[in-house]
Structure formats: structure tokens, C-alpha cells
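S.K.: Here are the chains, one letter per residue:
2 protein chains.
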Amino acid sequence: MTRERLYLFDTTLRDGQQTNGIDFSVDEKIAIVELLERLGVDYVEGGYPGANPTDTAFFSEKRTKSAVFTAFGMTKRAGRSVSNDPGVQALLDARSDAICFVAKAWDYHVRVALETTNEENLVSISESVEAATAAGREALVDCEHFFDGYKANRDYALACAKAAYDAGARWVVLCDTNGGTLPNEVREIVADVARVVPGDHLGIHAHDDTGQAVANSLAAVEAGCRHIQGTLNGIGERCGNANLTTLIPTLLLKPAYAERFETGVGEAALKDVTAISRAFDEIVNRTPDIHAPYVGASAFATKAGIHASALLKDPQTYEHVAPETVGNRRRVLVSDQAGKSNLIGELKRLGIEVDRKDPRLDTLLADVKEREALGYAYEAADASFELLARRRLGEVAGYFDVKSFRVMVERRFNAIGELVTVSEAVVKVDIDGETRMSVAEGNGPVNALDIALRKDLGKYQSIIDEMELIDYKVRILNGGTDAVTRVLIESQNKRTHKRWFTIGVSGNIVDASFQALIDSVTYTLLKAGI
Amino acid sequence: MTRERLYLFDTTLRDGQQTNGIDFSVDEKIAIVELLERLGVDYVEGGYPGANPTDTAFFSEKRTKSAVFTAFGMTKRAGRSVSNDPGVQALLDARSDAICFVAKAWDYHVRVALETTNEENLVSISESVEAATAAGREALVDCEHFFDGYKANRDYALACAKAAYDAGARWVVLCDTNGGTLPNEVREIVADVARVVPGDHLGIHAHDDTGQAVANSLAAVEAGCRHIQGTLNGIGERCGNANLTTLIPTLLLKPAYAERFETGVGEAALKDVTAISRAFDEIVNRTPDIHAPYVGASAFATKAGIHASALLKDPQTYEHVAPETVGNRRRVLVSDQAGKSNLIGELKRLGIEVDRKDPRLDTLLADVKEREALGYAYEAADASFELLARRRLGEVAGYFDVKSFRVMVERRFNAIGELVTVSEAVVKVDIDGETRMSVAEGNGPVNALDIALRKDLGKYQSIIDEMELIDYKVRILNGGTDAVTRVLIESQNKRTHKRWFTIGVSGNIVDASFQALIDSVTYTLLKAGI
Chain A
1 MTRERLYLFD
11 TTLRDGQQTN
21 GIDFSVDEKI
31 AIVELLERLG
41 VDYVEGGYPG
51 ANPTDTAFFS
61 EKRTKSAVFT
71 AFGMTKRAGR
81 SVSNDPGVQA
91 LLDARSDAIC
101 FVAKAWDYHV
111 RVALETTNEE
121 NLVSISESVE
131 AATAAGREAL
141 VDCEHFFDGY
151 KANRDYALAC
161 AKAAYDAGAR
171 WVVLCDTNGG
181 TLPNEVREIV
191 ADVARVVPGD
201 HLGIHAHDDT
211 GQAVANSLAA
221 VEAGCRHIQG
231 TLNGIGERCG
241 NANLTTLIPT
251 LLLKPAYAER
261 FETGVGEAAL
271 KDVTAISRAF
281 DEIVNRTPDI
291 HAPYVGASAF
301 ATKAGIHASA
311 LLKDPQTYEH
321 VAPETVGNRR
331 RVLVSDQAGK
341 SNLIGELKRL
351 GIEVDRKDPR
361 LDTLLADVKE
371 REALGYAYEA
381 ADASFELLAR
391 RRLGEVAGYF
401 DVKSFRVMVE
411 RRFNAIGELV
421 TVSEAVVKVD
431 IDGETRMSVA
441 EGNGPVNALD
451 IALRKDLGKY
461 QSIIDEMELI
471 DYKVRILNGG
481 TDAVTRVLIE
491 SQNKRTHKRW
501 FTIGVSGNIV
511 DASFQALIDS
521 VTYTLLKAGI
Chain B
1 MTRERLYLFD
11 TTLRDGQQTN
21 GIDFSVDEKI
31 AIVELLERLG
41 VDYVEGGYPG
51 ANPTDTAFFS
61 EKRTKSAVFT
71 AFGMTKRAGR
81 SVSNDPGVQA
91 LLDARSDAIC
101 FVAKAWDYHV
111 RVALETTNEE
121 NLVSISESVE
131 AATAAGREAL
141 VDCEHFFDGY
151 KANRDYALAC
161 AKAAYDAGAR
171 WVVLCDTNGG
181 TLPNEVREIV
191 ADVARVVPGD
201 HLGIHAHDDT
211 GQAVANSLAA
221 VEAGCRHIQG
231 TLNGIGERCG
241 NANLTTLIPT
251 LLLKPAYAER
261 FETGVGEAAL
271 KDVTAISRAF
281 DEIVNRTPDI
291 HAPYVGASAF
301 ATKAGIHASA
311 LLKDPQTYEH
321 VAPETVGNRR
331 RVLVSDQAGK
341 SNLIGELKRL
351 GIEVDRKDPR
361 LDTLLADVKE
371 REALGYAYEA
381 ADASFELLAR
391 RRLGEVAGYF
401 DVKSFRVMVE
411 RRFNAIGELV
421 TVSEAVVKVD
431 IDGETRMSVA
441 EGNGPVNALD
451 IALRKDLGKY
461 QSIIDEMELI
471 DYKVRILNGG
481 TDAVTRVLIE
491 SQNKRTHKRW
501 FTIGVSGNIV
511 DASFQALIDS
521 VTYTLLKAGI
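Line order of the protein sequences matches chains A and B. The first sequence begins at 1 in the UniProt record's numbering and counts up by one. The second sequence begins at 1 in the UniProt record's numbering and counts up by one.
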């Protein structure tokens, strides 16, 4: 059976730019275009030339190698010709392959926002499209607020779509600008529109305001659309746009779509989607969503004891798609609910082979459960877990012994009468029977303690110097006066860039931090093979 | 037209506990139950008694006032009687109103995971349900992997569902355990199941692995289900469960559902959903998703430009629902004018009337923006905000002046050779020209500082004695070495039970805590009318 072609249109650099906190520079846009071309989208909407200097500069050259490089802007203003409309001229000046005009399709907006008549708006649409095609550009029209416009005045919304199509637009895109349309409504409305604009010229642009941007996009495709607009990692204003890193794997891996449609994304590109998603987060300094479908770090991570044993036997019965197909991996986490199977699986992953009947396993499992009831969360602290396991199995040497420490935070006036806060720590450590004392200042009590602890560790110093603290997280458990503090520290080896997490739990935050620090130092020495 | 009843089942405390990084303590579960009852869900699945110590302890009492308190566990093991099955016994021992049994519905799992026959599994289902109802509990059955099981062996999956229903289960819940089923498939399959189990006994439990948990839940309802399972903020393993904070507003505000169904959530509870969502994030120290539908801080935030002026004229044409209906608010992010309106609104809410043209407003606005860029979150710290505002408006007296403080945490051996950690704080305070010094010990540096600070405040002592610290939350912003610590303290007046929040931000955690403490003490004195 011949499959139909589905076109993917990325608007990360245009609609995605509306995201609170995101403002791409030209360099960032160039880097993102590279990611988009790796992914294999058909269109890259680069921005809004004329609206701001960055976008105008970005369109001074064509930036894509294979994707259709698209410029976005408004239809011609009413009451003026195309040649007298600076917005349209900016679009024609842009070095793009295509121009996507956003047009009003709701009569209310035509009247209140554009302050013109319905007929004038139709003329604006037609003349804008004609100007683009006359200049050798592919023309697209985004029918803004289309679904609300259709509900308010069906005939007019259809007229707008038809005007765009009749004038020669390659794609008429139905936009759910408010994001509030439901999949059934999308399906019905798109089916109706497909009677005046054929499906192979229809596109969908959905937003996630009811958590259904993906569902709406797929519903539109089922009703006839052959063009989907979305963004990387679903960024976009308010609740975001349709997430391409969710849509693409779904379209390629679910038979309901894969058997009927093909896209510009090949199998190799699909395997690259997780890496692309993470690279995008790095470029925009966005905290990755570990729960994101397909690409999230936890997308294939499971805790439950119930599943683990069966999972390892036949992953297909527990995973809806194989993680490798999207470049991700399976993770089985250790936690309060871990069964023995989970534990054995985790130990194996750490390179520790233990026989299922080994009695030390039961003790370790009980250890983990008891400590987790106290607040330790080993699924988040791999290195602390490994230390616990290896200690229980008798494998960890006593590298050093902290005999005592003292941390002081003082707020007082300095010599010139300014109020300052200083933190100082003193640590006393025993290595091979020799005692060393170190003192250090830091920007807080934990920082001071860390510096003092790692300042002079004798024969271990060169190894410890490779370690650095990357991140520090605190959580108060049980709240109120019986509060217990859980501290998670992320450390990194500066040379190998390997990272690890350690944990500490105590009623005293300095004590909890100290535990996590000690674990990190011990782990560094363990991994150095001493 | 009479509306049908839709039942909402929350599994935050059970399936939600599978989330990577989440492990509720008993106290946290109790606090979350309170939120769930505020919301108005019909069922609260509290956990898995017998599987871990926390859950067993949690079920030692009934924890809900109106919601059906539900215990989760497995169906009876094959080859033994109910009375010889410790898992089922643990469920019967739990102080719950209902028991939800998870049952296999996929013949492959029956064979490989349970290692028994299809017939034995049906017996396990029936006998488990009968045991629950005989003990006076409502029985529910979660048919695990139902949709995959149905696709593999339709007859057997239906037989499992029917066995549960015939045995007397109040609800037979179809679980998309892998999360990979698509809405159209859900719709068709549910419609088929509804022929053996009536829709008013059918439930749906969806996961978000293709980004369609909400769409799947709604599709199931359209096909006949009258029971939806989900979690607060969509937490859950891998990509999460169906998000109740997305589903509930959709069900109550979209006519397609609101006209046909009613739930246990009233209009007032709906207005509370944003606050409930945020309170949940606070309890589990989860970074809020600002883009979450309806409840996210950015759900109704727009970057202006094209929309802003028209938006303010008629929000209905730009917002799919009114933010106030879900207790959220509109944010227009760019103009100073919009910022000022927000500020005036906030001050009014605190009982402070300021003229729009008052120049001190501009300074206060700049102050707030600058401090928020540093990490202060005044949205979460009403009392600190009020102090900032009143200080700027010249209204706060200088009650006392902390000249200096010193906090020390020491870990050392005590007289009998035990390793102990002690925390001591010294505070020097100036009141009306007279200096007082206090020292105190505490279970941590902040606790010691709090006790020392409030130990001797001269003429203010009797008022300060009415104040107590209820909760203390720490968040590290910006991570890494440039980390800034934000501390939120919740305090209470022991006499009036009025509560308030104060905030402190600093690179030094003790300093940040100190700021929040000082604000709380000052606020107490301000409110006492001195």
C-alpha cells in the first residue's frame, strides 16, 4: 500500500520564541537549525523578519540546506497595496524559500483587532499570497484562531481558508491559537474544511492548553490534514505548542500512522531524537523534562518490583516502544518498593554480580528499605547506593576517618562598618594514623565544610583534586519541628566528566550535607581503584 | 437534561509514588489527602499496605473524611486460598473503605509473570473481589495492561473484566499500563468492553507515554467509562499518569463535558485547583511546571505584542477559559503599565490603598522586579511582600536591630565516646538602645538561630511568644557554584492560628534563613499593632 506524505513544519524559532524566558540570538538560531535538519523536518520557520532586529538579521541569508526556510509575518494591512506594506516588503526581502502569512479567520478579530471589513480581510489574504508566489516563494497561510472563528461564523472562516487556497497557497494551516479546542471538535471541523481545501493542502497548528496538542494534531491528520506544525520539546507560550519530539516517534512507531504515512524523518534520524531534544535544552539552558514522552530521562524508567522481573524477561510486554529506537535507554530504579529482582538488576548494572540466594542480599534490601523510610532516596543517589552495597558486601576500604568538624557562620560588622556574613569550617581527619586539621572559609556553611574537607587529604589529594561539586539540592522531609533534611549532591570528575549523586539525611542540615560529601569523596577514591 | 455522574479517582499516593525521586512519608501523605479532599475527588488510593513500612503505617487508620479511602494490592496468588495469602490479608487488615486489586488481563503475563493458567487467574480475580466485599469493603479491579492484553487476546481480556464485574466489583478499571495506546483504540476497545461491563462500572487509568493520557481518558469517557484515574500534576512513573489538574478544569469548563457530566468537584473547589496544584509541588519539593495547562504560572501569560491591547479589551477572544475560574491569573509580561496594575491589585488585597500616580509605586515595582530576578518569590511569601510594601510606603517602625549573630555546628565525640553533632547560636540584639545577647542550642543551625533570636526580646517578648515556626522549605536556585538559596518559612500565631509566609534569599543558607526569620518576627510585631 502506498503511504501518503505527511509534512512536518517546525516553528521553534518563531512561535517557540514566544515562550516566557526564551529569546534566541542569531547564533542560537543557527545552532537550532542544524538540529532541525538532523531531525528531518520539512519546513523551518525561522522567525518574523521586520518585527525585531535579530529576526531581520537571521533572514539576511538562507539558513537551511534541505528544509524549506520559511519567514513569518502578517497579511497585508487593509487599505494599502502590497508594495506599500512594509511588513510584506520585509517578508519579500527575507532570503527565505517560503513565506507564512498569519491571517485573521474570525470575523470578530477582523473588526476589533484589524478594524476593517470581512471583505477587505479576504483581499488581504489573496493579495499577500499572490505577492509571495509572484516573487517565487512558496506561500502558506496560518488561519489564526481558526476553530473559534469557525464556531462563531463558519461561513466566514471557510471563506478565509478558501481565499488562501484559491490564491495559490501551498498550505492553509488551521491554528488553534487559544489552545482550547477539543480533539472531536478538531476532527469534525477539519473534515468540513477539507471540502473546500483538499487535505493535501491543509495543515494543523495546535497548542497545549487542555493538554491535547498532540491529540489535536493527530485528530486533524485523521480528518485529512497532511501538514503538522510543532516545536522542539513542545516549547511555546502559555502551555506550549505541539511537541515534535512526541509526535515524530508516535507517527513513525505506531502502526496506525506508520503504515499509512511517511515523513521526511528516517530511522536514523528517529534514533537521534533523544540527543536532539537534549541538545536543544542545552542551547536554551532549559531544565530537561525528565518525564517527556520518548525522550525524557525517565521515559523508560521503572521502579516497581512487580514489573522488574518480568520486564527483564521480555521488555516488549512492558514497554510500548523499544527505547533504542528513539536513542533512549531503559532504567530500573532502586527504591522503597524494590523487590529483590530490582536490586539484583541494579547491582548488575554497577558491575556487582551477586547470587540470588546470597543472604547478604536480604540484609542489603532490608538496609535500603529502612534507610529509605528515614529519608534516603537511593534511586536519586547512585553513588551512595553503590557505596552502601559494596560496604555490605565487604568491599570498601576505610580510606580516612573524620574525627570531628566544626562549622561557624557569623554575621557581624567588618572593619569598615559593613554588615557581612562569613562562614568558616574546621575539619580534623585521620589518615593511616596521622591526624590532619584544615580550616577554610566559604560562601556558606556547606561550601566551607566542603573546601576544608578536601583541602588536605594527604596521599589522596591528587585524586580528590579531580572532583568538583556541580549541584546541591535540599529537601525538608516531614516538615515542622520534626523535620529531617535530605541533601543530594551532584559531583563531577573534572578530567573524565563522569558525574554521580550522593545523599545524606539528618535532622541537622550541616550533618546531612556532610554525609553526602563524605560519600562523594569516598566514592571518588573507590572509583580511582585504590 | 440530567447529567451523568463521573467519578474521579486519585492515585497520587499510590501510582504517583512510582515517580522517580518521589517517596512520600506518612506525614506528607496526610497533607496530600487534605489537598485531595479540598479538591473533591471521590476516591483516594492511599498506597500499597504490606508492600513497604510507610504504606502499612499509613493504613493503620482511615485517613479521609469524605473520599473513599482505598487500599491497593494484588489479587490472590494462584494455588492458595484468600486466607493464606498474606498480600490479601494485609489489604483486609488495612483501615480502608475500599480495596483496589490489580489483576492480570493479558494472557502472556498470566503465564510468564504469574506462572499460572488463565482459569486460575480468573479465579484469583473473583475470589479477591469476594473477599473484599465479604469484609464490607467496596471492591475495584485494575485490569493491568488491559489494552495490550485485549489486542493480544480479546476474549481473555474481556473474560477478566467480566469476572471482576460478575464477582461484584464496583469498578472495573481498564489500565493502559504501558501508556502506548492511542485515543481511537481506547475509544473502540472501551466501547467493546461496555458490552460486557456496563459503562457505569467502567473506569480508565491512562499514562502519558505518547503525550495523550488526558485525551485517552476523555476518549474512554466518550465511549462509556464513568470513572477516571489520575494524579495531581500528572506525576507518575515514566511520563506520568493522567493529570487531574488538567482533566478537572476541562470536564467542568468545556461544554462538551460540563453539559453531560457532573463530578464531585464544585465551583469553589475548581477555583482552588491552582492553589492545590502549587501546594502539592511545595509538599514534594517539586519544581512547578509553569507551562501546565490551567494551573501553570504561565498558563495565561502572554508576551504581548500582537495580542496585548486586544486581549485587555476582550479576554474571551484570546483565552480559552477565564483564569479566575481555576484560581489562576492572567499575566501580561511586557509593559510596565500591566505590572503596575498587578501591583495595585496586590496592595489592595493587603488592605493598602495607593494612588496610581504615587511615585513610590514605581520604586516598589522596580524593587519587586529586581528582587524577583535575584530569587525572591513574593507570590509565595505574602508577609515578606507586605513588609517590603509597607517599608517602601514608610510605615514600618524599627522594632529592634540585630547587631550580629554567630551560629556553630560541631561534630565531635562526647564524654562517653559517642559521635554527636551539636548546633549553637549566639544573637546580639539592640532594642531601644539596650543590647541583649542570647545563646541557644538547637537540632540544626537554623533551629538554634531561631531559638536564640526569639529568646529574649525585652518588651516584645509576650507577643513573640505567641509565634511559632510551622514549616521551613529550602530551594537552591541556579544550581552549581553560583547557587543561591531561597528559604521559605511558614509561621503561625498560636493564639489566633493565623499563618503567614516569609522569604529569604542568599548565597548562604544560614543568612537566607535569618532573613526569613527576621521578617517573620517583624511581621508578628506589625500585626500586633505596635
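Any given hint could turn out to be false.
Which copy? The list can't say, so a pair holds if one copy fits it or any two copies do.
What the hints assert, rightly or not - Here are the simulated lysine-lysine pairs, DSSO-like style, with alpha carbons at most 30 Å apart:
(1) K428 / K271
(2) K473 / K369
(3) K348 / K162
(4) K459 / K494
(5) K369 / K62
(6) K254 / K162
(7) K151 / K271
(8) K151 / K254
(9) K348 / K455
(10) K162 / K455
These aren't lab readings, by the way, just hints derived from the structure by calculation.
S.K.: So which of the earlier hints does this model not fit?
M.R.: Of the numbered hints, 1, 3, 9, 10 do not hold.
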